[in-house]
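Novice: What follows is the residue order along each chain.
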Amino acid sequence: MGSAVTVDFGDAPDEHEFRLRLRAWLDDHNPGLPASSTDDEYWSGQAAWHQSLFDGGFFGVTWPTAIGGQGLASVYDVIVDEELAAAGAPARPSLGYLVEGILEHADDEVQARFLPGIVNGRDRWCQGFSEPDAGSDLASLRTRADRDGDEYVVTGHKVWTSYSDDAEWCLVLARTDHEAARHKGISAFALPMRQPGVEQRPLPMINGITKEFGEVLFDGARVPAANMIGRPGEGWPLAMTIVSHEREPHELGFAGRYAKQVKDLVAEVRGDPGRFGAEQVRDLAWAIVETEMLRLHVCRRLSDRLDGIVHGPEGSVDKLLMTWTEQAVGHAALSIGGARATGSDDTLMKVYLYSRAQSVMGGTSQIQRNLVASRILHLPAP
Amino acid sequence: MDVRLSSEQLALRDSVAQVVDRLGPHAVRDLDDAERAARLDAAVAASGWRELRVPVEGRVPLASGVEAAVVAEELGRGMADTPFLGPTLAADLRRSAGAPPAGAAETVALSRSLLAAAVVDGSVPSGTVAVDARGATGALVLVPADGGHALAAVALGPLGVGTDLTRPGAAVDPASVAIPVEGPGVRPLTDDDLDAWTALGLALDCADLVGTMRGAVELAVGYASDRRQFGRPIGSFQAVQHLLADAHVVMEGSRSAARHAAWAVDALSPGEALAAAAVAKAYCARAARTVCETTIQVHGGTGNTWECLAHVFLRRALLSTDVLGGEGANLDRVLAHHGIGGDRGLR
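Heads up: the protein sequence lines correspond to chains U and R, in order.
1 is the number of the first residue of the first sequence in our numbering; add one for each residue after it.
1001 is the number of the first residue of the second sequence in our numbering; add one for each residue after it.
Worth flagging that the hints you see were computed from the coordinates, not collected in a lab.
Each hint should be verified, as a subset may be incorrect.
Said to hold, decoys possible - Across the chosen pairs, the derived CB separations fall in these ranges:
hint : chain 1 : residue 1 : chain 2 : residue 2 : range
1    : U       : Gly-208   : R       : Glu-1307  : 51 to 59 Å
2    : U       : Ala-66    : R       : Gly-1058  : 32 to 40 Å
3    : U       : Pro-204   : R       : Gly-1271  : 21 to 29 Å
4    : U       : Ala-66    : R       : Ala-1027  : 44 to 52 Å
5    : R       : Gly-1328  : U       : Arg-231   : 55 to 63 Å
6    : R       : Glu-1057  : U       : Asp-27    : 39 to 47 Å
7    : U       : Gly-277   : R       : Gln-1297  : 51 to 59 Å
8    : R       : Ser-1225  : U       : Asp-146   : 44 to 52 Å
9    : U       : Leu-306   : R       : Gly-1148  : 55 to 63 Å
10   : R       : Gly-1058  : U       : Asp-307   : 29 to 37 Å
11   : U       : Asp-148   : R       : Ser-1225  : 24 to 32 Å
12   : U       : Ala-47    : R       : Gly-1058  : 55 to 63 Å
13   : U       : Leu-103   : R       : Gly-1135  : 36 to 44 Å
14   : U       : Asp-27    : R       : Gly-1271  : 23 to 31 Å
The model shown is predicted, which means the values in this text are computed figures rather than measured ones.
Think of the CB as a built atom: it goes at the ideal place given N, C-alpha and C, for glycine as much as any other residue.
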C-alpha cells in the first residue's frame, strides 16, 4: 500500500538543504532581540532584522521573484519559522497579508512601485483600516478621500494602527464615493506618512510597550491618485483579501514566535524544577501541546494548498487556533513567571498581557466564530 | 514536506466510509440489531483492515500508521460497532515480537486504568481489561523477561465492560494463566518496541477521536438547523453558532496533530513517535470531550435521552481517551520528552 505521494512531515532533500543553510546563517546573524511582544527594543530593531533576513535570502522566499521573492513553495516559510524558533531568533516580520493584498488587487505598475520595498524591508508600512467607530463593522468607516486634480485629500481617524510610528507608508481605506452602498464606496491608497496632514500618536498597550500600537489622524493629507491600490471602489474586496490572509498563522510567522517563547519557558522550568508546582508545569505542557499542534496545522494547510485550494473561510479556523495557542502560551508565561515576578524582569507578565490582543486583532474571535458558523458549517443566518 | 493523503489512502478512506455508512448504526436502536452488526463485522473482516499491521516481511508491517489511522477515523465517525483497535494493536505487538499471527481473534489487555499493556508478573493486575474485545477469544499481555518483556496470552471473561456501547471490553480474571506466545524467532519486546507500539495505539485513539468529533459535530449541526424555537432554527442564534464553531475548530486542530502522530509511528524513532503521539492525544482527548458535550448541549433535553446518538459519540470518545492514557498521562509524556519530570513508566 502507499505510493510516491503520501503523508510526509519530513524535509524533501531541497528543503533539508535550505534548512541547513539557514541554520548556519543564524549562527552568525541572530540579533538576539527580545520577543516582539514584550519589549520596545524589538520594535526598534525590527527593520534591521527584516533587512538582514531578506539579504540572507530567508525572507519572503515564497513570493514571486519579480518582487524580491524566490518563488519557493510555502513549506519554506514553515522551515524558516521552525529554525528561527529553534535558534531563539525573532520571528519573521509579519506583513505577508499586505503583500498578498497588493499582489491580488493592484495593477503591475503599482505592484512594481511598492512591493519590492515592502518585501526587502527598506520601506516600512502600516495598515489604516480600523477607526474609533468602525471596528468589527469595518464597512462603516468614515475616513474620506476627495479627488483634487491628480491627488486625493484624506481626512479621518484610524486606530489600532500597528507599526504606524515607524511607517513611511500607510495602506489606508477611505470612502471615495459617498453615494454608493457602504461596501462599494471604499477605495484603498498607499499614502505617504511623512507629510504635514498626518499625525501619529502612540497608544501604549496593556503590557507597557509603546512602539507597536498607534492611532493616525489625517487632516487634509494628500495622496497621488496614481497610488490607488486597485480600482475606485475596490477597497472592500482588498480589505477582505488582506484580513483573510491576516488570519493565517503562516502568513504572520507567529507559530515561530510561540515556539520561541515555549522554548524559553521549558528552559526556565528544566533549569530549576523544584521551584515549580504541578499546576504551573501543567500549564507549560498545554503550551507545548498547543504550539506543536499549530505548527502541524500550518503544515496541513500549506499542503492542502498544493491542491490549489484557495483562501477561504478556513482562515477563521486558523485564526482561532492561533489565538488559543498564543493565549495558552500566555497563560503558561503567567503561571511560571507572571504576577509574582520580583525584580526588574517582568518579561513573562508582558508575554501574558500581550496575548490578550490576539483574540481581537485581525478580527475578533467572536467574528471568526460567526464566519465559521455561517461559511463552513452553513448554519442558518441570524 | 507534503502531508496530504495519497490517492490510495483517500480511496481506503472512501471504502471504509462506504461500509460504515451502509452497515454502521444510524440510531441508538440499531446497536441492538445483531443481524446488522454481524454484516458490518463480516464486511470489516473481509476487508483485511484488521491485518494492516501484520508483517509482510521481517518486522515490516503491511501498511503504515497512516493507513491504520485512516481506517480508525472513519470507523469512529460512523460509531462502527466492530473491532479494529484491539486486533490491530494485538497484531502490531506480535509483529514487533516476531511472533506468529494469532490463530483466532485476539485483542490486548490493558491495566492501570487502561494506561498501558498489562504486565503479568506472577498474577494478572486487578482491573485488567481486554479492550475492544468483541469476538476475541484471547488477549495479549506482557511478562517480564530478560531484555524487556515477553508476550503472553490470557483468556477473557464475559464481554460488556466499559462505557463505550460500540466497543465493549472484557474483564481478565486475576487468576488467569498467561500462556507464553512462542515460535521460531520470537524475541522479547524492548522499551523502544513498547514506545513504538504505544505510539501506534495513541495514534489510532487520536484518529478515532477525530472521527468521533466529525460525527458529533455533523449530528449537532444537523439538529441545530432543523430544530426551531422562537420561530427560528436554533442554529441561527449566535449563542448556539459559537458553541458549534468552537467544536469545529478544535476538531480541525485535532486532525492536524493526529495526522502527524499517525505519520510518526513508522517515520520517527520510537521516542519521537511517542512524543508526537502524546501531543496529539492530549489535544484530541480534551477536544473530543468538549465537542461531544457540546453535541449533547445543543440537543437540549433530547440530548440527555438514551435515544439520542449524542451519548454514543461521547461514550466512544471516553474509551478512546482512556486507552493508553488521556490528558494527564500524555501531558506527563510530553513533559518527560522535554526533560521535565520522569516518564513514570508510561510506556
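Novice: For every hint, state whether the structure bears it out.
Specialist: Verification of the hints:
Distance hint check: the CB atoms of Gly-208(U) and Glu-1307(R) are about 57 Å apart, consistent with the given range 51 to 59 Å. In this structure the hint that Ala-66(U) and Gly-1058(R) lie 32 to 40 Å apart at CB is violated, the actual value being about 52 Å. For Pro-204(U) paired with Gly-1271(R), a C-beta distance near 46 Å fails the hint of 21 to 29 Å. Range check, Ala-66(U) to Ala-1027(R): about 59 Å between beta-carbon atoms, so the 44 to 52 Å window is missed.
Checked against the hint of 55 to 63 Å, the C-beta distance between Gly-1328(R) and Arg-231(U) comes to roughly 57 Å, which is consistent with it. Look at Glu-1057(R) against Asp-27(U): about 43 Å separates their beta carbons, and that is inside 39 to 47 Å. Evaluation of the 51 to 59 Å hint for Gly-277(U) and Gln-1297(R) yields a failure: the beta carbon distance comes to about 33 Å. In this structure, Ser-1225(R) and Asp-146(U) meet the distance hint of 44 to 52 Å, their C-beta atoms being roughly 47 Å apart.
A hinted range of 55 to 63 Å is violated for the C-beta pair Leu-306(U) and Gly-1148(R), which are about 42 Å apart. Checked against the hint of 29 to 37 Å, the pair Gly-1058(R) and Asp-307(U) passes, with Cβ atoms roughly 36 Å apart. With their beta carbons about 52 Å apart, Asp-148(U) and Ser-1225(R) fall outside the hinted range of 24 to 32 Å. Between Ala-47(U) and Gly-1058(R) the CB atoms are about 57 Å apart, so this pair conforms to the stated range of 55 to 63 Å.
Taking the beta carbon of each, Leu-103(U) and Gly-1135(R) are about 58 Å apart, not inside 36 to 44 Å as hinted. Evaluation of the 23 to 31 Å hint for Asp-27(U) and Gly-1271(R) yields a pass: the beta carbon distance comes to about 27 Å.
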